[in-house]
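Enquirer: Below, each chain spelled out in residue letters.
Protein chains: 2
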Amino acid sequence: MSRQPDRVTFTLPEWLVEYAECWRPSGLAEERMRFVIGASERNVREKTGGPFAAAVFEHESGAMVALGVNLVVSQQSSVLQAEMVALMLAQQRLHTYDLGVAGIPSHELVTSCEPCAMCLGAIPWSGVRYLVAGAAGADAGSIGFDEGVKPENWIREHESRGIRVQTGVCREDARAVLRLYRQTGGCIYNSKKS
Amino acid sequence: MSRQPDRVTFTLPEWLVEYAECWRPSGLAEERMRFVIGASERNVREKTGGPFAAAVFEHESGAMVALGVNLVVSQQSSVLQAEMVALMLAQQRLHTYDLGVAGIPSHELVTSCEPCAMCLGAIPWSGVRYLVAGAAGADAGSIGFDEGVKPENWIREHESRGIRVQTGVCREDARAVLRLYRQTGGCIYNSKKS
Chain A
-9 MSRQPDRVTF TLPEWLVEYA ECWRPSGLAE ERMRFVIGAS ERNVREKTGG PFAAAVFEHE
51 SGAMVALGVN LVVSQQSSVL QAEMVALMLA QQRLHTYDLG VAGIPSHELV TSCEPCAMCL
111 GAIPWSGVRY LVAGAAGADA GSIGFDEGVK PENWIREHES RGIRVQTGVC REDARAVLRL
171 YRQTGGCIYN SKKS
Chain B
-9 MSRQPDRVTF TLPEWLVEYA ECWRPSGLAE ERMRFVIGAS ERNVREKTGG PFAAAVFEHE
51 SGAMVALGVN LVVSQQSSVL QAEMVALMLA QQRLHTYDLG VAGIPSHELV TSCEPCAMCL
111 GAIPWSGVRY LVAGAAGADA GSIGFDEGVK PENWIREHES RGIRVQTGVC REDARAVLRL
171 YRQTGGCIYN SKKS
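Residue numbers (my numbering), protein chains in the order written: chain A, -9 to 184; chain B, -9 to 184.
Isolated chain A, as found in the complex (with noise of 0.2 Å):
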């Protein structure tokens, strides 16, 4: 095999760079959740990947970090569901792995369905101080999307490691926008077992 290239980049949308400029800081929960489901359903039209978005938020401003889209079949990448590519942009844009570091304010993500199981692993070590979620994990299992196993009690864990979790905020918005990727033929992209 040729030799093993020195980097991965993956791009975004146009779309979504326009898009994300058009947030104004709210601090209502339900303000940032819409605005994201916003993104996940033109994500669904424009067709550049799954229906699902996710972004992040300083807690206290409502000042957005980074915005994320589902892009897995568009990069074919599986590692790059919503919440990892925002967690991934935000990171890269505050040069640090840790978003809550000490200095910087708190951080929050806002997610247009509970994270799967990769996502949820990925949110502690990112340093989010809370989690927003729209659609539940089940309206994802409802069109298909294989999850993954989650440990039971997944919010107790994470409110544990100091993450504040809110869920089903909007959900009947962001449970919307998966039956219409389900009603425009999205591709449901888990791993076919041959």
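Hints in this document: simulated from the structure, not taken from any laboratory.
Copies of the same chain are indistinguishable here, so a pair counts whether it falls within one copy or spans any two.
Here are the simulated SDA-like cross-link-like pairs (lysine to any residue), alpha carbons at most 25 Å apart as the crow flies:
1) Lys37 to Asp(-4)
2) Lys37 to Ile133
3) Lys37 to Thr86
4) Lys37 to Thr(-1)
5) Lys37 to Val91
6) Lys37 to Gly131
7) Lys37 to Leu84
8) Lys37 to Pro(-5)
9) Lys37 to Ala166
10) Lys37 to Arg(-7)
11) Lys37 to Asp136
12) Lys37 to Gly176
13) Lys37 to Gln66
14) Lys37 to Gly175
Position chain B against the provided structure of chain A, taking the given hints into account.
Expert: Below, chain B alone, put in the same frame as chain A:
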């Protein structure tokens, strides 16, 4: 805040690309593991990251598709643990988000230490059909890393998703690298609770 960038890039250490060139395909799990552990040790000595490495091999032939090391501190990204780097590299090289897709060889992830909760969650999405681990999660915990909450029955759950799991391969060699990291003052990069 300035405009959100339109891409994320991370770079591998120069030594890693050279080291990967030295692999000669082997059918033995122990030989694959020793090569991976060698990369983890080199990562510590070169001070390019944490004491962990992982590689994706073609399971049958032993050809190596991608070799990753932990880059959390050097690239300032909590996502860039060794398994994630190896999976992203492998999928980028093969242009697929599913390393288990029909028509290509079955793939195996060999990791110098049992995956943390994030990396465990990433494995079913990735399409690898075999997981081989060296040191135990408790070994990483013993030098201070918080591996997160893993389902108690994670091996059975992965097997039920068609992933064969083998643990404890060359465990003592892998543990020695963890000890070396601690002895040389390596950064334990858990998020700091303030």
